[in-house]
Each structure stands twice: as structure tokens, then as C-alpha cells.
Amino acid sequence: MDRLPWTRFHWTVVVGLGVSWILDGLEIQMVSANGYQKQLGMSTTEVGLTGTVYLLGQVVGALVFGRLSDRLGRRKFFIITLGIYLVASGIAGLSFAPWFLYIFRFIAGMGIGGEYTAINSAIDEIIPSRFRGRVDIAINGTYWGGAALGAAANLFLLAPGSALETSGWGWRIGFFIGPVLGLIIIFLRRNIPESPRWQLTHGYEKDAEENVDRIEREVEREAGHPLERVGDEKAIDVPVHDRVPFRVVWYVFTRMYPKRAFVAFSMMITQSFLYNAIFFSYAEVLKNFYGVENAAVYFFPFAIGNLIGPLVLGHLFDTIGRRQMIFATYGLAAVVLAVSAALFQADILNATTQTILWSVSFFFASAGASSAYLTVSETFPLQVRGQAISYVFAVGQFVGAFAPVIYNALIGDGKDRDPLAAGYYLGAGVMLLGGIIALLFGVAAERKSLEDVSDVDFIDKIEARIGAH
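Position 352, counted from 1, in the sequence shown is what this note's numbering calls 824; the numbers after and before it change by one each time, with no gaps.
Quick caveat, the hints were computed from the structure, so don't treat them as lab data.
Here the structure is a predicted model, which is why all the values come from computation and not from measurement.
One should not assume that every hint holds.
To be verified - Simulated restraints on C-beta separations: (1) 924 x 555: 54 to 64 Å; (2) 927 x 645: 23 to 33 Å; (3) 700 x 897: 50 to 60 Å; (4) 715 x 881: 34 to 44 Å; (5) 776 x 905: 21 to 31 Å; (6) 659 x 905: 39 to 49 Å; (7) 698 x 897: 55 to 65 Å; (8) 487 x 688: 18 to 28 Å; (9) 780 x 487: 12 to 22 Å.
For every residue, glycine included, the Cβ atom is placed at its ideal position computed from N, Cα and C.
Given only the sequences and the hints, what does the whole structure look like? Please build it.
Have a look at this one:
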């Protein structure tokens, strides 16, 4: 799989699976734009809680479906998790009270959380190693394509004084955009195969061979020449394990790869906290401090900048290196955010200049945050990859889930800038810390096969050690 040239098959994988991040960005934008606040009679803190509930749903979904995707396969949950999201998001658009909205935002979050674990695993297991970094980062960065789509939709759906805005139908229609896109993608996903690596470790050797043969024939037909043979020196022994108990995963985190676990949790927590803090509160910041009624006008270019960051910088993670680029992107994002906090506190900025500084900071942060998912999915063994992603993602999102409530509370009535400025300084410090940890303890996984990055023949050894103790 790693020796294959880039072909139409890989584009199918990227488009079919990458839509999850577009949907998540769309959902975040619809929630943070708070078009439902007036009609449902919600306070600013309650609006922040809507985001928190959605993120907690992602935590639960990641934990549940991460374990199941390791046990039952990646492909099966491409459809299940997307279906959960489609139904729940659509029903949320029919909300008549805050509690009803909370319930179905939670369930929609479960679907997206499950998508992250199954799909990050599949992408890294199918995409050739020399493209893995830029592809994974670019796909994660398409979150901002969804956010831009949501911002563009809100320009129309939530335009102040429009019939859709005053009637309350605008935000309801917005919640149906994601499900419509998802219905289209379901059909594309039906053509994406199961991960051959997963099949091999679960005793489906024949299916894995047929899968790889079909992919190779498709690639050879498109390339117009036969692929090079793989030498016998590349052969490895891959034991079959139907399920992996939690004690083995715990051993991997604490004894086998403790530094990798420390880096993974640090990166996920720091980027999650910063992102959730800013993007679930930006509309209220622009409204309370700058008098902006339609925040989508300012968010649209901001989202585009965040989308461009991973696309422009992604290839550098494959060439310069993972550790160096993570530190650079996290560090630059932190510095610019700290500068913006100082200028905000001094009341020097307006809505436009505030947005520009946010855009510059998150041009770098978006690439760094995307690399957090790459780091988790490529540095742990294949047999526990889904669970590893789910636990790290769950912890990161759990911590980050409290950021919307905290930062919306710091906004207050929009008269005192000091509390929110302190929150921005905290976010910058947290991000810088994540970059330093990755630089010191990260893994140089660029251009390496997954089997060269982590051990695949480890479960029996661990079970023997655990049993001996």
C-alpha cells in the first residue's frame, strides 16, 4: 500500500472520508452563530452550553465507536456513524426548547466523534506513507471548508431583519445542510474498501489479499504499467487478535509508549481547548465588544484562512518533519494570539483588525491542530489504533468542552475586557506548551510505514508480562 502512486482511488478515499470534518465545521458554525438563541429564549451561557453538549457527545461517540471500529472494522462504521449524525442533526432543527436541542446536539456529536476514530484509522492505513502527513492534515483542515460553508449559509439564513431570521426558520434550515451533504456522501463511501491492514490482523487474510489485489489492479490500469514487486525482506509476522482488552491499551499508553501518549494527550488537549474557546465564543465577542450583529460576515474570511493553512503547510510535515513543524505552528499561533490579547485588552482593535489577527494566528494553529490527529493515529500500533484515537480524542474534547462555557462567561456584558484578555493569554500559553512537548518528545514518523513507526507483534508479549505480574 505504501509503494502505490497517487491515483483516482486515493482521491475517492479522501473525498469519501474527509467529508466528516466538513460536516463538523458546518455544525460548529451553525451552533456558534446562535441563530436559535432568541426563539428558544437562551442566555449567552446557555448558548455556550449547546456547544459543550455537542462536544461531550463527541467524547462518548469516540469512546463507543473507537473500540468497536478496532473490533468490527473501519468500513462498517463509516455508514453507522454518519447515519447517526444525519438523523440527529436533522431533528435538532425541529427543536422547540433548549433541552430538546441539547439532547439531539449530543447525539449528533456522538456520530461525529465516532467518525473521527474510524476514519482517521482508515485514512492512515490506506494512504501511502510519503503522502500520509499532508493528506491527513489537509483532510482534517477541511473542517474549515465546512465552517466557511456554514458562514456563507448564515449570511443568507441569519441576515438581520430578513424573513428567515425573524421567523426563526433560518437556523432550522441551517441544521439540515449537513444531513443533505451526508446523504450524498453515503453513496460514495459504499465504494471505499475495508482497511487491508485491519483485515489482516483479524484473521481475514484472504479478504485482505483480494482487497489489495483489486486496489493494485485499479492503480496499474490508471498508471498504465505494472507495479514494482515487494521484496521478501519486507515480510512481517502479524498475529491475529479478534479483540484487544483495555488493560493492553493501558499498558501501551503507560509502559510501551508513555512518551507518545504524553505527546498525543498534550497536543489534543491544547488544540481542543484553544479552538473550542475561540470558535464557540467569537460571535458573542464580536457582538458584545464590537457591536457586530451578523458575525458570519467576519467569520467567512477567517474560515478560509484556516482552510488554507493546512493546505499550504501540510507538505512541510512530510519534508521538514513532524516535530519541527508541530512546534513551529503551535508556537507561531500562540505568539500571534498573545499579541492580539494585548491589543484587545488595550481597546486598540476593531472588528476587522480583531478578525485579521485571529486569522493569522489560526492559519498556523489549524495546521498544528490537524497534525494532532495525525500524531495520534500514526504513532500507536494498528491493533489498538481506533481505541488509542478514541481515548486521546475523548480526553482532549472533554477538557475542551468546558472552554465554550468558560469563555462565554468571561465575555460577560461586554464592558470589562480584562477577564477575556486573560483567557486569551491562557489559550496562547496552553498552545505554546503543546508545541514544546511535541518538539521534545514527538516521533519522527514522516515518510515511514506504519509498521516501522510502531510494533505490530506486541499483544502476546504484553499479555504474558501482565499475566506474569
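Each hint, compared with the structure:
Checked against the hint of 54 to 64 Å, the pair residue 924 and residue 555 fails, with Cβ atoms roughly 36 Å apart. Here the CB-CB span from residue 927 to residue 645 is close to 50 Å, at odds with the stated 23 to 33 Å. Checking the proposed 50 to 60 Å range against residue 700 and residue 897 shows it holds: the Cβ atoms sit about 54 Å from each other. Roughly 43 Å separates the CB atoms of residue 715 and residue 881, a value that falls within the hinted 34 to 44 Å.
For residue 776 and residue 905, the Cβ-Cβ distance of about 28 Å falls inside the hinted range of 21 to 31 Å, so the restraint holds. Remark: the range hint 39 to 49 Å for residue 659 to residue 905 is upheld by a beta-carbon distance near 43 Å. For residue 698 and residue 897, the hinted distance range of 55 to 65 Å is satisfied, since their beta carbons lie about 59 Å from each other. In this structure the supplied range 18 to 28 Å holds for residue 487 paired with residue 688, their Cβ-Cβ distance being about 21 Å.
In this structure the supplied range 12 to 22 Å holds for residue 780 paired with residue 487, their Cβ-Cβ distance being about 19 Å.
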